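Below are the chains, spelled out letter by letter.
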Amino acid sequence: MANSFDVIILGGGPAGYVAAIRSAQLGMSTALVEKDKLGGVCVNIGCIPTKALLHSAYIARLLSNAKEFGVEAGSVKTDYGVAMQRSRRVSDQNSKGVEFLMKKHKVTVARGAGMLQPGRKVKVGSDVLEAKQAVLIATGSRVKGLPQIGLEINKTTVISSDEALLLEKAPPSLAVIGAGAVGMEFADIFHAFGTKITLIEALPRILPLEDAEASDTLARSYRKRGIEVIVGAKVKKGTAGKDKVALEVEAGGATQKIEVAAVLMAAGRAVNTEGIGLAECGVQVTDRGFIKVDATLQTTAPGYYAIGDVAGPPMLAHKGSREGVFVTELLAGKQPHPIKYDNVPSVTYCHPEVASIGLTEDQCKERKLDYVAGRFPFSANGRARGSGETEGFVKILRDKRYGEILGAHIVGAHASELIHELAVARENEYTVEEVELAIHAHPTMSEAVAEAALDSLGRVLNI
Amino acid sequence: MEALSPTMEEGRVVKWHKRDGDPVKAGETLAEVETDKAVMDLVARADGVLRQVAAAEGQTVPVGSVVAVIAAPGEPVRAAPPPSSPPPPAPASRPTAAPAGSPVATPAAADAARVKASPLARRMAREAGVDLKLVTGSGPGGRVVRKDLESASAMPLPVAPPSEPAPAPRPPVVVTQAGAGYEDVPLTQIRKTIAKRLATSLGPVPHFFLTTEVDMERAGEARDALNQSLGERGSVSFNDIILKATALALVQHRACNAWFQDDHIRYWNDVHLGMAVAVEDGLITPVIRNADRKSLAELGKAAKDLADKARSRRLQPNEYTGSTFSVSNLGMFDIDEFTAVINPPEAGIIAVGSIGQKPTVVSGLVTPRRRMRITMSCDHRVIDGATGAAFLRTLKQMLENPLAMLL
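Chains as they are written, first to last, in the working numbering: chain A, 1432 to 1894; chain B, 1179 to 1585.
None of these hints come from the bench; they were simulated from the model. Predicted, not measured: the structure shown is a model, and the values here were computed from it. Take these hints with a grain of salt, some might be off.
Unchecked claim - Here are the simulated EDC-like cross-link-like pairs (lysine to aspartate or glutamate), alpha carbons at most 20 Å apart as the crow flies:
hint, chain 1, residue 1, chain 2, residue 2
1, A, K1831, B, E1305
2, B, K1325, A, E1705
3, A, K1552, A, E1705
4, B, K1294, A, E1858
5, B, K1294, A, E1865
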């Protein structure tokens, strides 16, 4: 194996492997260093397997309510182990897919932990690879626990999403600490598999980064389903036993003791910046621990770039992939379209789904923007009624003067798919009027998007 | 019709150099075209035979329309649409038969008629009254996006604006209604540009004005002495001395040699001096590049050449764009003092009045001295009162003691 490449990428997750494909497409010789399975957290212990499990949860819920639709499914039995096995097969297929893509594009995959060295070199085992153009750092992130209150991840009773994805059966009870995307999704999954869920969030509302109306809708939906939701809560102490965990949770001025079979830590992620030789190469990190980058994603060491989670928030696969494409195009001498970080869609795949882009209404208020909110509930949408998925709404925040789409928020079935109409609109600077002018097929959930645009213009039709 | 200058929207065919049926070679001048700023050459982009001359001399046609077709010898040519119609989507002749058969209008020129802009940018431009054609797009394929419009008010516009009212023009076409108490004069290309550009200066740019009176007695002596020693080899004018002093003063006061650029100020290291020149039916500001590094004689020659070119409308776009500061002199019209309009994105301009004898107190005695008033217009976003005053004081000192320019 020749050890000299144009581009070397450290980390085979969605930022790294997409960068590798684009780099190879642009005619640069490319090496990808990965110590584990290709595809990273996303494919193996993140996005992909959770979506498989969420679909299992969806089916369980669907069958439980099927009688109303004229379908008798008998008593519905669930088996988390089977669902988990299926999710593993999906992950493995995707990881093999990435392997195939690397072969197809003639990307050299170096297996092992990579260590950066000065002079654009990466040491993998006894090999030293050398990059003629650039080294891309795409080492990603991992789950983190809260050791300071006794909740260090022990992989049995105090677990992270990594372990949750590999459980053979659903625990009888589970406290989920952190109601961001990960916490929301696992609460949804395990609840459908019969686990008694307590969802604990430190901030005043669940999904704290989403629009307050989205948070409220989800909190109502979860509570109605029997999930206990505690917000503005501080976990003062956690005592992990052999087969149970005792929690002391303070919320609303009172302290309550909760005993659960397991605790799932979903309170943030830590970036993987240790032990990869950053300091030795002059790559600096920010106060928050991310790698310091400039507008071209180059680090403080010339020739070393950072992409994906290590390069800073939002820590999302699609943001990392775009950064990978951006940097490799830059290296190939192209002028890539600049990344608009305020235009990265955010999606939580719980039921109902939550998807958003741009500013929340609170942010519009904080920035003292002159805006108009347009709303349309799915309860008034024919297609949603037909499929019994009337929870949620589309909300569009538009600039009062020019009609610019400042933010869009969708809660409901298929919100993750519906948001992209508004992503296209925002990226191309369409106003609400262009969105409304496009003819939307009837009956579709997408009509709610057009109606919300119309509502923001004071011309809503079907409500 | 090619876009021969950055702001050209239409061009008037002044004179055809080739006739229908003439053989032409790529690079040869086909016709002279009057644009918004100058008379320029329209050159052949391919070898062949000139056919289908569709625009008559004196006719004004929009950029992108076909004015003629270059065909291969003997190639049949289909009738071209009249030049005033929108540009045709396809060349009137075989496009694949290049070089023969290429239309005179290049595809790029045809595209120039259509501005790519996002719907949001269009709406913002409409409300702000900004002409999208004057805005450089930074989006994909040069698409004008929101960001470009936010900086449009301060962007370096591609053509020099007028600096003050021009001497009364002689209108080329006058429509006089019999018995009417008025006459309607269509705007010429240059006046259209002046109108468009003027509105981007005095309105949006916060002007303030500083006036000083300069004793020109010693500058006059210096001029006479220099002209005596130059003899046959040339001459130095007061204007040349003023240009030179301005350039040198700007080197000392870089804060005034600047462009306002929306989110930043660009301080120029070199001095490119704009010089307002009255031309028939308007005015234009040709640019003396690196004026600070030119000797007085070189500067005088450059100023004269540019003024001559401006009057005969032979300036190339690079000769009237990119100035960092401007000078407008109406002394020859016996104007005592006046205020000039800033040429954006520049931050300042000086308006120079006439030089006249005035009773002046020198060493306690009233003596006649040659005096001149200079008024500086400043963009307050870049130059503060004291900054402008300090520059003006240096300029005054240099003019009152021309030897200081040698330092």
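Taking only the CA atoms, is the gap from A/K1552 to A/E1705 under or equal to 20 Å? holds (17 Å)
Would you mind confirming whether the straight-line C-alpha gap from B/K1325 to A/E1705 stays at or under 20 Å? violated (39 Å)
Under the criterion that the straight-line Cα-Cα distance not exceed 20 Å, is the pair B/K1294, A/E1858 satisfied? Given that 20 Å is the threshold and the Cα spacing comes to 15 Å, the pair holds.
20 Å limit on alpha-carbon distance, applied to hinted pair A/K1831 and B/E1305: Holds: A/K1831 and B/E1305 sit about 13 Å apart, inside 20 Å.
Would you check the hint for B/K1294 and A/E1865, treating anything up to 20 Å between C-alpha atoms as holding? With a Cα-Cα distance of about 16 Å, the restraint between B/K1294 and A/E1865 holds, given a limit of 20 Å.
Against the hints set out earlier in the document, a violation occurs for number 2 only.
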